[in-house]
Amino acid sequence: MNLEAQEVAVRVTGRSLLTGVNLTALPATLVGLLGPNGSGKSTLLRVLAGLRRPDQGRVLLDGADRAAVPRRALARRVAIVTQHVPSDVDMTVLDVLLLARIPHRSRLAPVSVVDTAMAGEALVRAGLPGFGGRRWNGLSGGERQRVDIARALLQQPDLLLLDEPTNHLDIRHRLDLFHRLRSCGATVVAALHDLELAAAFCDRVIVLQHGSVVADGPPARALTPDLIRRVYEVDADVTARPDGRADVRIRT
Amino acid sequence: MLAALLFSAVGAITVGAADLTFVEVARALTGTTGDPITDHIVWDLRAPRVLLAAVVGGGLAVCGAVLQALTRNALADPYLLGISAGASTGAVAVLVLGIASGATALASGAFLGSAAAFAVTLALAGRRWTEPARILLAGVAAGQLFAALTSLIVVSDATAQNTRSITFWLLGSLTAASWPAVALSAAAAGAVLLCCWAAAPALDAFTFGADVAQSLGFSPARVRALLFTATALLAATLVAASGAIGFIGLTVPHAARVLAGSRHRVLLPACALLGAIFLIWADTAARTVFAPQEVPVGVVTALLGVPAFAILLRRGQKEKA
Chain A
1 MNLEAQEVAV
11 RVTGRSLLTG
21 VNLTALPATL
31 VGLLGPNGSG
41 KSTLLRVLAG
51 LRRPDQGRVL
61 LDGADRAAVP
71 RRALARRVAI
81 VTQHVPSDVD
91 MTVLDVLLLA
101 RIPHRSRLAP
111 VSVVDTAMAG
121 EALVRAGLPG
131 FGGRRWNGLS
141 GGERQRVDIA
151 RALLQQPDLL
161 LLDEPTNHLD
171 IRHRLDLFHR
181 LRSCGATVVA
191 ALHDLELAAA
201 FCDRVIVLQH
211 GSVVADGPPA
221 RALTPDLIRR
231 VYEVDADVTA
241 RPDGRADVRI
251 RT
Chain B
1 MLAALLFSAV
11 GAITVGAADL
21 TFVEVARALT
31 GTTGDPITDH
41 IVWDLRAPRV
51 LLAAVVGGGL
61 AVCGAVLQAL
71 TRNALADPYL
81 LGISAGASTG
91 AVAVLVLGIA
101 SGATALASGA
111 FLGSAAAFAV
121 TLALAGRRWT
131 EPARILLAGV
141 AAGQLFAALT
151 SLIVVSDATA
161 QNTRSITFWL
171 LGSLTAASWP
181 AVALSAAAAG
191 AVLLCCWAAA
201 PALDAFTFGA
211 DVAQSLGFSP
221 ARVRALLFTA
231 TALLAATLVA
241 ASGAIGFIGL
251 TVPHAARVLA
261 GSRHRVLLPA
271 CALLGAIFLI
281 WADTAARTVF
291 APQEVPVGVV
301 TALLGVPAFA
311 ILLRRGQKEK
321 A
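Line by line, the protein sequences are chains A and B.
For the first sequence, this note's numbering gives the first residue as 1, with consecutive numbering after it.
For the second sequence, this note's numbering gives the first residue as 1, with consecutive numbering after it.
Any given hint could turn out to be false.
What follows is a list of derived Cβ distance ranges for each label pair [claimed, not checked]:
1. A:S112 with B:T229: 29 to 39 Å
2. B:A198 with A:T116: 20 to 30 Å
3. B:S219 with A:S112: 18 to 28 Å
Quick caveat, the hints were computed from the structure, so don't treat them as lab data.
Treat the numbers as computed from the prediction; the structure is a model and nothing was measured.
Ideal Cβ positions, reconstructed from N, Cα and C, are used throughout, including at glycine.
Can you make the complete structure from the sequences, with help from the hints?
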């Protein structure tokens, strides 16, 4: 799915969270949303997902205004993994995964055998076979994050939005996740904190600071040492790769 | 479970001041006794009461399950929105101020009182009333307000006789059961159960969080508005018929989750059945254990409900550990 945001602005009680944000994500690409804490990444993701109405501007999905797409049709095409996943939910992992199939069946239809089978396969792909009967509130933070990402993927979206999907994952599962995101076929926009991984995997990065876009492009071009110093106040070495990605190394 | 409910209903009808056998009751229900006294006891005295117990128990349990999912609060119960306090105020106003007399007036007063309390809750919660935190706080505040009004009315003007019937009513009682009450409550409970059952996927999604629910195609404001209002009206109807019977709406959904899982398509009917069975037996105990003295059924549900809740609580902790 082609995603476009035009001049998006969000204000909360007089304070500007986002101003004049423009963004484009081409079909089946992985776009990294970067920026320090409070730069507006989560707010932008919520606007893109339709969880929050922007005060100005609009979001286009394949050229159509998102506000004009019916909720259910939208739910079949756009999935989101939010940053704060509740930990106290008393549901089984299988029931959590099956939520993803709700938009794909009629309102009164029961959970089908196919849905259950798909949920089982999703668990295997997430590296959590046999977890279906486990209770959500008994999982570790990383396991919860992996199940929630599997849930979003099971929604079979054309556009997948992820808010810091790697913050509870160990390094192996971080790499696994990026490989899966690259190969899932959907347009993926992910808010990320790990510059090294973002530069190594994203087709494009968009850097936010104080609610505005300060850099936009392939990692090799957008993530200059100068920009990283300006935005994150750290020193970094950047080596461009021929495919437009980059190796970023933060100096400690 | 349906069989258990049927057995409970017939079984509960056999228990009472006049001894009836299971066979006699079954024959009376099918209209083949030929004994007018048995028929009268079964049809006019015991059947409405047992059926009202079933409807009220089932309805309260469903309300509790729905509100627990919508507010993501395991302590939510049908009286959350100020409803039981409002019902008390309405009923007490009718009793004490002598606005009208009779069971129908009492029930109408209770219903109007709870509707008024729900309206106050909505007014306090303001424009964004569908946000759980706001409506919970507003419900608590409205509940306190109406409890104070009730005390005010009782203190200002109550005879000993009135105080007695008020107390009985505040604790919940099915003594006023009649066929019209059964029909009205059953219609309301049936309609709300159907409505909530249809919205079961939305409730599953809300259990997991409003953001996810919205991303799955549900409008949080619309779903909450519909279900808060539906459960509030049902709770008001049930409270008007039976007084504020506590702990069913709180405890039964937790027990049903252990038996039937957390998927609302199955959970809601399970709540209805379990709540019905529980209240049938609780009421049977209430009217027979200390016979001829009758205990308010709310006392029995609390005596049984609190230990049950404690067991469920411990169980939950063990699973998490």
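Tested hints:
1. A:S112 with B:T229: 29 to 39 Å: With a Cβ separation near 32 Å, A:S112 and B:T229 satisfy 29 to 39 Å, so the hint holds.
2. B:A198 with A:T116: 20 to 30 Å: holds, 21 Å
3. B:S219 with A:S112: 18 to 28 Å: holds, 25 Å
Every hint, counting from the list given before, is met by this structure.
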